[in-house]
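The listed protein sequences derive, respectively, from chains A and B.
Terminal number for the first sequence in the working numbering: 185, no gaps in between.
Terminal number for the second sequence in the working numbering: 370, no gaps in between.
Keep in mind the hints are simulated off the structure, nothing from the lab.
Glycine included, each C-beta is placed from N, C-alpha and C at the ideal position.
Treat the hints with care, since some could be wrong.
[Stated by the list, open to error] Now the stretches of chain B that chain A is said to cover, found in silico as 3 or more residues with beta-carbon under 8 Å:
#1 265-279
#2 295-307
[Claimed, not checked] Below, a sample of chain B positions facing chain A; criterion: calculated Cβ distance under 7 Å:
#3 P190
#4 R196
#5 A198
#6 L211
#7 T242
#8 G250
#9 L258
#10 Q313
#11 E326
#12 P332
#13 D346
#14 A354
[Claimed, not checked] Sample of chain B residues with no beta-carbon within 12 Å of chain A, all distances over it, derived:
#15 A194
#16 M237
#17 G241
#18 G284
Protein chains: 2
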Amino acid sequence: MRTPPIIHATREADSARFLSVEQVDLEFSNGQRRTFERMKPHGHGAVIVVPMRDAGTVLLVREYGAGVGRYELGLPKGRLEHAETAEQGANRELKEEVGFGARRLTVLHKLALSPSYMAHMADVVLAQDLYPEKLPGDEPEELDIVPWRLDELHLLLGREDVTEGRSIAALFMAREYLAGRFVRA
Amino acid sequence: MRTPPIIHATREADSARFLSVEQVDLEFSNGQRRTFERMKPHGHGAVIVVPMRDAGTVLLVREYGAGVGRYELGLPKGRLEHAETAEQGANRELKEEVGFGARRLTVLHKLALSPSYMAHMADVVLAQDLYPEKLPGDEPEELDIVPWRLDELHLLLGREDVTEGRSIAALFMAREYLAGRFVRA
């Protein structure tokens with residue numbers, strides 16, 4: 001196990017730099033009115049990458065999650081840069097975080113963080129036909145790469161370091177797609 | 186299809202009421218330092234409920250998501266109230282949103298919203314042995330209830346109104362649990 005980072009300080013921050021919160025006044029079709037709050041992300045979107053080392057094996061990364069304060073095992077992901085497509089962003093994140101490029105990139109679907117109160121969406125991108133290529137990223141440390149068999153996804157569930165809904169959803173989505181049981185919209 | 190609500194107004198809101206944003210100064214084991222931002226939720230936690238009408242059928246709800254601005258098909262969920270356990274909160278949400286109570290409630294696992302920058306966690310609660318009981322909730326309209334066969338989860342994937350990572354993850358988690366392939370930690 002990797003030594004977790006030292007937390008030197010924690011302080012309140014100005015949320016306006018990070019995201020904006022909106023109030024929305026709604027009138028439902030039955031006449032009921034509500035004011036809901038929702039968060040709007042800054043930026044150009046995000047991707048979650050499912051990198052296939054071979055037909056039966058996905059590459060996971062172990063990354064420190066500042067939100068939960070521990071290492072989390074999941075899929076590589078990141079925010080899109082200006083004028084980047086989902087496929088381009090996925091390939092860049094893959095090179096930065098995992099050290100591979102992909103010759104074949106397929107957008108499977110979009111996943112929401114929380115439909116009720118967040119506008120954030122991420123594209124799930126399946127990456128196949130990998131080849132070694134490393135790009136320098138902004139990660140503070142090299143990520144551990146953990147190969148995992150697609151037919152053993154059930155062994156990931158229940159692990160204390162596997163908790164991200166979108167990663168788990170994207171893994172099952174990719175498995176169903178590769179088995180021919182999920183057709184893209 | 187239900188008529189979506191009318192949006193009367195949208196305005197910037199004070200984020201401090203809704204959530205707080207923290208900055209965290211970290212030093213990784215290789216000496217690299219970073220300042221990350223993370224969101225801390227208010228409140229007492231949250232639950233995602235997997236209500237089983239019978240051994241092979243889950244009850245989904247269609248609810249307007251103010252974050253994404255459309256109806257989303259997914260699992261009932263909500264925030265815990267003061268001094269409520271996950272099981273109690275799940276049963277209350279089930280009665281409010283679906284009109285059933287459950288004689289058997291099992292916490293399967295915790296799911297994170299975004300380990301990188303959010304502290305939010307929700308308990309996945311499997312609800313079995315249902316009986317009709319309706320509690321008044323704060324929902325602005327009755328939710329459509331949509332029964333779905335567990336052996337047809339793949340037909341949910343790729344639908345434009347099924348995008349929530351945590352709902353999809355919780356559904357596959359429940360299916361693996363009920364098939365005996367997932368053992369709770």
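Hint check results:
Given a C-beta distance limit of less than 8 Å, the hint that chain A covers the segment 265-279 of chain B is violated, as 0 residues qualify and 3 are needed. Using a Cβ-Cβ cut-off of 8 Å, 12 residues of the segment 295-307 of chain B lie near chain A, which meets the minimum of three, so the contact claim holds. Taking 7 Å as the C-beta cut-off, the interface hint given for P190 (chain B) holds, the closest approach to chain A being about 4 Å. Contact between R196 (chain B) and chain A, as hinted, is supported at the beta carbon level, the nearest pair being about 5 Å apart and thus within 7 Å.
A distance limit of 7 Å between C-beta atoms decides the matter here; for A198 (chain B) the minimum to chain A is near 4 Å, and the interface restraint holds. Evaluation of the L211 (chain B) hint against chain A yields a held restraint, the C-beta minimum of about 4 Å falling below 7 Å. Among the interface hints, the one on T242 (chain B) is violated; its C-beta lies about 19 Å from the nearest C-beta in chain A, farther than the 7 Å criterion. With a cut of 7 Å, the hint placing G250 (chain B) at the interface with chain A holds, because the nearest CB-to-CB distance is about 3 Å.
For the restraint placing L258 (chain B) at the interface with chain A, the shortest Cβ-Cβ distance is roughly 10 Å, beyond the 7 Å limit, so the hint is violated. Proximity of Q313 (chain B) to chain A is violated relative to the hint, the smallest CB-CB distance being about 18 Å (cut-off 7 Å). Against a cut-off of 7 Å between C-beta atoms, the interface hint on E326 (chain B) holds, since the closest Cβ of chain A lies about 5 Å away. Interface restraint check: P332 (chain B) against chain A, minimum CB-CB distance 20 Å, threshold 7 Å, status violated.
Interface hint at D346 (chain B): violated, since its Cβ lies 9 Å from the closest Cβ of chain A, which is beyond the 7 Å cut-off. Interface restraint check: A354 (chain B) against chain A, minimum CB-CB distance 4 Å, threshold 7 Å, status holds. Consistency note on A194 (chain B): stated as away from chain A, yet its beta-carbon is not over 12 Å from all of that chain's, at 4 Å minimum. No beta-carbon of chain A comes within 12 Å of the beta-carbon of M237 (chain B); the shortest separation is about 17 Å.
With a cut of 12 Å on Cβ distances, G241 (chain B) stays outside the contact zone with chain A, its closest approach being about 17 Å. Consistency note on G284 (chain B): stated as away from chain A, and its beta-carbon is indeed over 12 Å from all of that chain's, at 17 Å minimum.
Hints 1, 7, 9, 10, 12, 13, 15, counting from the list given before, are not met by this structure.
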